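Visitor: Read off the chains here:
Number of protein chains: 4
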Amino acid sequence: MLGLVGNMGLAHLRYPTAGSSANSEAQPFYVNSPYGIALSHNGNLTNGEELRTYLDEVVHRHINTDSDSELLLNLFASELAAYGKSRVNNNDLFKALKGVYEKVRGAYACVAMLAGYGIIGFRDPHGIRPLLIGERLKDDGLKDYMLASESVVLKAHGFQVYRDILPGEAVIIPKNSMVPEFKQVVPMQSYTPDIFEYVYFARPDSVLDGISVYRSRLEMGTKLAENITHQFKKDGLDVRKEIDVVIPVPDTSRHSALQCANSMNIPYREGFIKNRYVGRTFIMPDQKQRQSSVRRKLNAMASEFYGKSVLLVDDSIVRGTTSKEIISMAREAGAKKVYIASCCPAIRHNHIYGIDLADNRALVGYNRTDEQISEAIGADRVFYQNLQDLIECCVKDNRIKDHEMELALTPVVSRDDTIDSQILTNKTSPPIDSFEVGVFTGSYVTGDETEYLSFAERARAVNEKIKNTAKVNRGIESLDIEDVKASVDISIFNSGDYS
Amino acid sequence: MLGLVGNMGLAHLRYPTAGSSANSEAQPFYVNSPYGIALSHNGNLTNGEELRTYLDEVVHRHINTDSDSELLLNLFASELAAYGKSRVNNNDLFKALKGVYEKVRGAYACVAMLAGYGIIGFRDPHGIRPLLIGERLKDDGLKDYMLASESVVLKAHGFQVYRDILPGEAVIIPKNSMVPEFKQVVPMQSYTPDIFEYVYFARPDSVLDGISVYRSRLEMGTKLAENITHQFKKDGLDVRKEIDVVIPVPDTSRHSALQCANSMNIPYREGFIKNRYVGRTFIMPDQKQRQSSVRRKLNAMASEFYGKSVLLVDDSIVRGTTSKEIISMAREAGAKKVYIASCCPAIRHNHIYGIDLADNRALVGYNRTDEQISEAIGADRVFYQNLQDLIECCVKDNRIKDHEMELALTPVVSRDDTIDSQILTNKTSPPIDSFEVGVFTGSYVTGDETEYLSFAERARAVNEKIKNTAKVNRGIESLDIEDVKASVDISIFNSGDYS
Amino acid sequence: MLGLVGNMGLAHLRYPTAGSSANSEAQPFYVNSPYGIALSHNGNLTNGEELRTYLDEVVHRHINTDSDSELLLNLFASELAAYGKSRVNNNDLFKALKGVYEKVRGAYACVAMLAGYGIIGFRDPHGIRPLLIGERLKDDGLKDYMLASESVVLKAHGFQVYRDILPGEAVIIPKNSMVPEFKQVVPMQSYTPDIFEYVYFARPDSVLDGISVYRSRLEMGTKLAENITHQFKKDGLDVRKEIDVVIPVPDTSRHSALQCANSMNIPYREGFIKNRYVGRTFIMPDQKQRQSSVRRKLNAMASEFYGKSVLLVDDSIVRGTTSKEIISMAREAGAKKVYIASCCPAIRHNHIYGIDLADNRALVGYNRTDEQISEAIGADRVFYQNLQDLIECCVKDNRIKDHEMELALTPVVSRDDTIDSQILTNKTSPPIDSFEVGVFTGSYVTGDETEYLSFAERARAVNEKIKNTAKVNRGIESLDIEDVKASVDISIFNSGDYS
Amino acid sequence: MLGLVGNMGLAHLRYPTAGSSANSEAQPFYVNSPYGIALSHNGNLTNGEELRTYLDEVVHRHINTDSDSELLLNLFASELAAYGKSRVNNNDLFKALKGVYEKVRGAYACVAMLAGYGIIGFRDPHGIRPLLIGERLKDDGLKDYMLASESVVLKAHGFQVYRDILPGEAVIIPKNSMVPEFKQVVPMQSYTPDIFEYVYFARPDSVLDGISVYRSRLEMGTKLAENITHQFKKDGLDVRKEIDVVIPVPDTSRHSALQCANSMNIPYREGFIKNRYVGRTFIMPDQKQRQSSVRRKLNAMASEFYGKSVLLVDDSIVRGTTSKEIISMAREAGAKKVYIASCCPAIRHNHIYGIDLADNRALVGYNRTDEQISEAIGADRVFYQNLQDLIECCVKDNRIKDHEMELALTPVVSRDDTIDSQILTNKTSPPIDSFEVGVFTGSYVTGDETEYLSFAERARAVNEKIKNTAKVNRGIESLDIEDVKASVDISIFNSGDYS
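Protein chains in written order, with full-length UniProt numbering: chain A, 1 to 499; chain B, 1 to 499; chain C, 1 to 499; chain D, 1 to 499.
Bound conformation, chain A alone (with noise of 0.2 Å):
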């Protein structure tokens, strides 16, 4: 977190994505020139190698790190010198944020503060990646703000009014007037979120561009139980004699695998317990650690799968690694057939805006089919989600927010109270019916980015033998497979200068 100017705070927590992972920094980044700006971002720009050569060449800045939030800052500080102007305002900062949009290709969600002027939030045209500012009063009466990247994390501060800021979108909170000014600094291209997080990124208590996630991954349970039973029926078998049990994959695909269980009625099962024992282990050196960090991970309560036809759901199947090792977990504790279902699609493609999942060669489903995936993985069968099911689980939830939203906020002020809140404004902002899509499709809402997926692809083989030589280096075998849903917050907050 940088040290607090005056009454403002900045905190990032970001997942380096592709091409970045050997030497990003710690956000937020901060230069001096001009007035003072501190930048943190939570997304990934598809067009960085030419924004790079752009401030090298054309407005001289000397950036650091492989970080994209480095980028987006300096670009924001050469559009904002440009105007070469002692003291800013609120439309100096909205023109400067055009000139960034403009020379910006890609997903992102911004904060920004300047010193001594105020705090910042921008979103790209697409609204890939989410951005929400939230309200609070505080005891003196007076209201301050935060922008994050999910709800939970401003209901946690207290900020139980919120809205999301659009696509194209941006706001600002000078310091002194405390007064949000919201601008659509460049025409909404779509609003189309990344349908990932509600997949599996975000956290299930979030409400994201009005989407309660806990409800859209009931959805898919129930979309998912439908697709699996007209499945069985399609070869003539009644799903509820092919499957003893369903046990999801702990912790995300819970609530799904309990709607589907319960819409297929079909008992649902706890059989997988994480291991809560975290000790040092004594292994000698001789004893070389086979088990694979699943096994570590979970335990498979055997009266659960003894004897059983079991159905696993997990929220997605990425390298396939992980569901290999839970299926054969699941033999070895006397399961007779082992079905394992995805709450999405098959992942075909790079995620390119954020969430670095793994090059489209090591997904199991890169050119490979249902029959072959399930054979890959040691699976009797997969089932996957619809493409069009999981974006109506979204939808949907979208359609019913107007009579829900309410609960899903469970505000501690009363309707009346927030009535005049100076940041419910966008009530009427157009419901969402399409989303970012492209680790299914291969179509990617910014267009064409194969450059940009052969340039990933480069840098990534870099990062990998970086990765390998610091492996090999120390007597590493195989690095665990890591959870890229760890910790990506980026978030700030004004209250207002009272000093």
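Don't take each hint at face value.
No copy labels: a pair is met if it fits in one copy or bridges any two.
[As the list claims (entries may be wrong)] Straight-line C-alpha distance at most 27 Å; calculated DSS-like pairs for lysine-lysine: (1) LYS396 - LYS274; (2) LYS143 - LYS183; (3) LYS336 - LYS103; (4) LYS85 - LYS103; (5) LYS85 - LYS98; (6) LYS183 - LYS138; (7) LYS297 - LYS337; (8) LYS143 - LYS297; (9) LYS297 - LYS138.
Hints listed in this document are in silico derivations from the structure and should not be mistaken for laboratory results. Note that the structure is predicted; figures quoted are calculated from it, not measured.
Guided by the hints, dock chains B, C and D onto chain A, whose structure is given.
Guide: Using the frame of chain A, we list chains B, C and D on its own:
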């Protein structure tokens, strides 16, 4: 962890028990006279004060801390010193342990290490706290051994074959022979493990004294369902009409709650979601933290509560503060009625064997009827498991263990491989049919503990004062309800002396 | 030290100067726009406030600290940015430095690094603070270079050949060519090094601006002896009868004191011994620390004082507190008479060029005659060096340098080897015959500094308040007299780009 | 420092001695049985191996380290345990110490603490290593006490009144009474302090066994001057014509050298200056560090050497490597002739009492005549102090102590105040007229130590091997000659029990 001496190691993490929280010390403890001994223990002694006097006045050993482990270590050391031998053997050690057993009262599972000799494990004559020994086949065909307080710890280190140390039994694994020698040092006085391990304390994937924690918890759900159904029926009501949804209080009660819901054929929902946001809060000094620790840890999914009669299921109800808060959250989320069920009976007495729940006066069950408890925590009604049912839940798993044990173990080594294991010698260990249940009845297996209880009360008062002073000094308004499950492991291993 | 970029590095340790002690920052400072520049400096600017306003209002650069180095860096950066070039060359850099020289007033010796380009050194037009460049022949036959504020630093790193940067001169060593280019960026306004370097500040084994610190200090002893002898003679007294022994105040004055004693043919004794016991004290809370910091640092050897008339020799007398304490210690040890001599004249004015002695009102010499000073510090008589004598001490060493310089340098490379060194080009540098002596006269080489002095006084008052608050908060009764000599080094080196 | 128990404390810094450097442990050592005892010691035992066997086989105490302090502590503990008393008194402790004295051979000055009882000091029967007790009057009129190995340590803590513990004497200061009780536990076998303390080891401002280190060093200069003058005269030469300047090797020899120069009426000059630059070096990987550690620590001032015949004065010549380097530096600086004088005789034997100089084979004086030594170190001639002269230097100071002692002490309390001090009871302590001088003669006060010498040689070989391996692993070419004077203090204090 103690610095490795030869090829042995000893680790311990233990939660401070009553009377000791102010200044207990990191385990293990060590004395150099005689021979060099290190010891860790799990449990609580009820005649510690008497032992302290004995050590000071009779054997003149200086005790630096309030830890019972230091007492046990010095008792063992002084017994051993009495022989005045240059080199001890297994028999000397067993004899010294007999001396320890004769002087000590309470619950204790101990692991110790004699420098240059080997490792030792022993367990109190009632078997109150668990202790297991695990065996592992190494790449070189040799075996090594580990002692631990939970089977999952053994399994996590690859010790797939294991058995419980019996009440009053001890085991020595000399580093030269690496052949474990077992001995019933004193007669088993009872075989009564602390039932609270199954209810709450142990990890669900552990098997303790032949009883699967996971399956005993499922049974608790079944029995609880019967009980609740019965109680509604007594009032002429149908439980399926009175309760719309069963919701667990995460995480311990999840398995019981799911089974309970299934048994009653009522929908099960994960209506509370653990807040995984762990960022540092930016809360300004003038904005006092009004949210309780429960509210910071859990979010209620409004759609699961709104307009419904909900049954919350928790493992136990201790002080009642958590229950009260959770019930209040359920109501705020729109619940029509809020019932709460506890997987164990009402806790009305001190836990004196190493799990420091609370002083009995702080227990919501202390001197209150069920109706009074229900009122105190704001529930529409509270349901408790019957004690006899709870015991049966554990006994039942015990009875069926012969068949299913292997499955629960999922041993990598086959049955045949393990048949000649040196340690699988207590296959005919007596089936357990009673347990330590003093927290429910006030009657403890070690006999009348009135004196200890009044000592503990005084000690607690002193500690409370220290804590409060600390709180005032730090400006803390109210301490979080600490999770006593935190980290309570002891373990030791011996891979022999090949140097 | 800045992380190494290529094969260059930059290090800095600098003592905070007037007005900055409260929140100065670790050097070096860095800006990424333009090009990436890091800079460290030694000295003090007297028009810092004006520069601060200029940077904010005209070039819109945010200054985070009170450090003059940050001002110099941003000035340089803004001058360089003005050209808007993609790639700069030596000429651009010299031009930019010219811009810096024109805006800045005060004392400054700077080392800077341009990312990917090379290192830069420049020195104020009066040469107040020292700056040297050293050359080193590497094993591969190539040369590398280092810039530093003292010759001993260069020698310690094996840079045996070196020369001073002249007032108003700059040098650039590009990493590609590794050929240093020197340029007289602005005309030399005077060549007046701060005489206080020779009196007190520099290490005795340094040679600055061609003057050996060691030998100038010997001269100070000779001149002081003449002066003292003369003064006694004026009163009709023989110095050898009046003074029994000459005793230095360790460590700086040792060389002068020895020479002074020899010149007068009076015994020299090390009567004060530095206390080398540095253990943590066990002093109990009720035993207040009554010993002053001087008494903790020095022990008087009674046999050297008892019954004798002693002449104490110190480098300078600043606040007088140390002198007073030492004189008192001498009397307690039995001295009959205690005279004290200072190697420099009475200090009666602020030091404004980077050695923060004290506010002038805190100087014992402020508005006091010699007799009044003598009384204030409890001496029987105080002797000061004459200013003209002091200047001659330094000039004399300067005159003889042609012959002896080599010896002082003890170069490993022979004379012939170094003859064609790229850097030995200022052999004809003008002999120095005047110095910055403002602390003695109140007249400063940069002109009328009345405005700065009143600013510094205000800043000091603010800092004093902050310090006092800190002291009160920590329960400190009196702060030690800090040794401003502590650690004041800047240096940078460039070993080229061979990758 | 051990955590304070009551109002007592114990601190120790000790340099590892022969055979222990590889794995010695931080002092003090502690045992909890019996009673809780902590102990630190200064010195070296010569029958450590024998004691180690005794502790293992007879009293069964596990020794973890190579430290003699651990041996002494466990011996003392086992003696004390033999009484089997619940509470001990002074007599028990003195009796136990008698048992320790009877088993131990070598040099030892010990401070110990008995938990809840008080502090203890005792010193070997030859008084080889120093130990003093100091008294301090507190603000409340009560007195407290401190034991330490040097008087400066006592004075630094305000203990102005002190006396030496005699050989074979012990003192106990119980925390209840705070009245020190002294007892001659075993008869004094000799009163022979290690003369190396005065030559080199002790701080110059210390007074040990009534002898001022400072004044004995002045005497060494006088005697050395007589000796050198005499030797030149034997060759028909006038020392004042042969030697132009006397130059000390800083820091220990400074006082002797100055006195030596004065005695011969030859100029004294500080021609070597300690390099106070301590910055981290930037030396590139390809530039090996060719400068020896001596050259990094000292700079020669060429003007003091050029064209002159110099006499270098050092406290002692051990391995000769430092002398050789320094002589070579003097020649490089232009010295015509380089003589070197040592304040003590040639060191030809091991130091076995706690100052690990070097194995005797590594000593330049081992099996070499003065001429051979001179040649080995590159001097024109080497001068050694005569042993009898050295002894007289110390004895002389001793004789005059009655008159001057007070001065050396510069006590704050007046003579009258101290007259009734509990501790000033050994005013009639026998004047010392012999010393431990084994390093010069090979004859040690504790008798024939052949067996120990051969043990130490083997131990040293093992340690050397470990060090070399470490060096190779770290890529270090040659370890610096470490300054064994570093940090060798033991101390303990007792301010009573007023709580």
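Visitor: Could you run down the list of hints and mark each one as holding or not?
Guide: Each hint tested on the structure:
1. LYS396 - LYS274: between (32 Å within a copy, 25 Å between copies)
2. LYS143 - LYS183: within (20 Å within a copy, 58 Å between copies)
3. LYS336 - LYS103: Classified as neither: same-chain Cα gap 57 Å, cross-chain 54 Å, threshold 27 Å.
4. LYS85 - LYS103: Answer is both: 22 Å inside a copy and 21 Å across each meet the 27 Å cutoff.
5. LYS85 - LYS98: both (17 Å within a copy, 25 Å between copies)
6. LYS183 - LYS138: within (26 Å within a copy, 61 Å between copies)
7. LYS297 - LYS337: within (23 Å within a copy, 38 Å between copies)
8. LYS143 - LYS297: between (44 Å within a copy, 25 Å between copies)
9. LYS297 - LYS138: between (43 Å within a copy, 22 Å between copies)
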